[in-house]
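Peer 1: Here is how the chains run, residue by residue.
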Amino acid sequence: MRRVESECSLTVNGVEHAVSGLHPGESLLDALRERCGLRGSKGACEEGECGSCTVLVDGQAVCSCLTLAASVSGCSIVTVEGVGSSGAADLQEAFLRAGAVQCGFCTPGLIVAADALLSRNPHPSLDEVREGLAGNLCRCTGYGRIVEAVLDTAGQRRSQR
Amino acid sequence: MGLRLSYVTVLIPENLAELREASESPDVILLAGGTDLMVSVNHRSRRIGSDATVISLARVPELRSWSHNPASGELVIGGGITWSQLERPPFDSLAPALAQAARTVGSPQIRNAGTIGGNIATASPAGDGLPVLLALGAVVDILGSAGQRSSSLADLLTGPKRTTLAPGEVIVSVRVTETAGWQGYAKIGVRNAMVISVAGVAMVLDGAARKATIALGSVGPTVLLAAEASARLSTEFDWDAWSCSESTIVSVGEMAAAEARPIDDHRSTAEYRRHGVRVLTSRLLKRGIDRR
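Line order of the protein sequences matches chains A and B.
Add 1179 to a position in the first sequence, counting from 1, and you land on the number used in the working numbering.
Add 8 to a position in the second sequence, counting from 1, and you land on the number used in the working numbering.
Don't read these hints as lab results, they were simulated from the structure.
Beta carbons are placed, not taken as given, at the ideal position from N, Cα and C, and that holds for glycine.
Derived CB-CB ranges, DEER-like: (1) A:E1184 to B:A174: 23 to 31 angstroms; (2) B:E22 to A:P1301: 29 to 37 angstroms; (3) B:G152 to A:E1184: 21 to 29 angstroms; (4) A:S1199 to B:E29: 22 to 30 angstroms.
If we strip away everything but chain A, and leave its shape as in the complex, we get (with noise of 0.2 angstroms):
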């Protein structure tokens, strides 16, 4: 059984990270941003609405403000500096093609939720992308030019195959 106190380690983008001094409750994005360096990862409504925080531990995409960081020691974790050198590079030029980001505060959130959401179903219909990123909020409501980033890239890829 492992047992994690005030110190753990984290592999985050394939990186070995020591992190000590863990708070009690101390979320996975609150590592990510003030131990590891990695601030990517956004913190906004830290109850799961927004997206924002969005990564990948074990594959799949989930919000880092509700995951126990000491709970994924040990877990295989992706964040969005890491989405682009695993195979997502395509989406986040898509993303700049499309003018898909206004504010940027939500897109590391959107890339990576899509990232996984093409992973699972590469050539999603337009209701699909919708679903697949229904739990990542955009204040500057550019959802239009986000979906059709999303749809973009499938259909690129499905075009380079």
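Chain A is fixed; fit chain B onto it per the hints.
Peer 2: Relative to chain A, chain B alone:
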């Protein structure tokens, strides 16, 4: 003068024996998907004390497994099975209403983390899995320091966020039986994602037993069985022709609404919730007749 830093102990058991050993620690906090617990921790409405032991349930294989017995139709769902799993095969065909409820929970991120065991243990009257489990007559298998016990879901849920679970008791699995016929779940909320339901209805039309069961969510201190509406529908439904009269569709909706015990709160009014139950019940019955 020493500065006492407060740290927390997190235990990550990797099998049921380790889990049972861990659950004997004092001041245990069980962590399933974290989608309820971490919200209260982040918003400081719940504090994890420095003497607490948090037990992560995520890596106990027995909680992450499921089984189906085709002969008896029994489906055993591990407490750690997530909503994402429940909305996909094989659960979408073995327990379609549960899959429909799963799809209405939160967002993909929430469904990847949140578990059915967590939904039961949290025991919110708005828990989306609970009306379906109640309508299916679910039995919950529980592990504690005193050993294993089982309880019907109806007996386990005693009030809003209240259960018969003792500290450290873990929901290992929940058992339901496949039904012939049709089953469905529908809810009302302010949008299609990330909503706590304002009213929810589960309906099971069991063609083999010729029995209809209607359960209601978010309209009482716990999820409720609409017993009178269920009995009326069981009698008036033409099980051979798989249909019922328009007046039955209307009256069963009205009866279910009368059996609801809703309150006014920040999410809705009692009156709207009751209206919602009436509309959802009649709507589900129409879907059931069309088997959509």
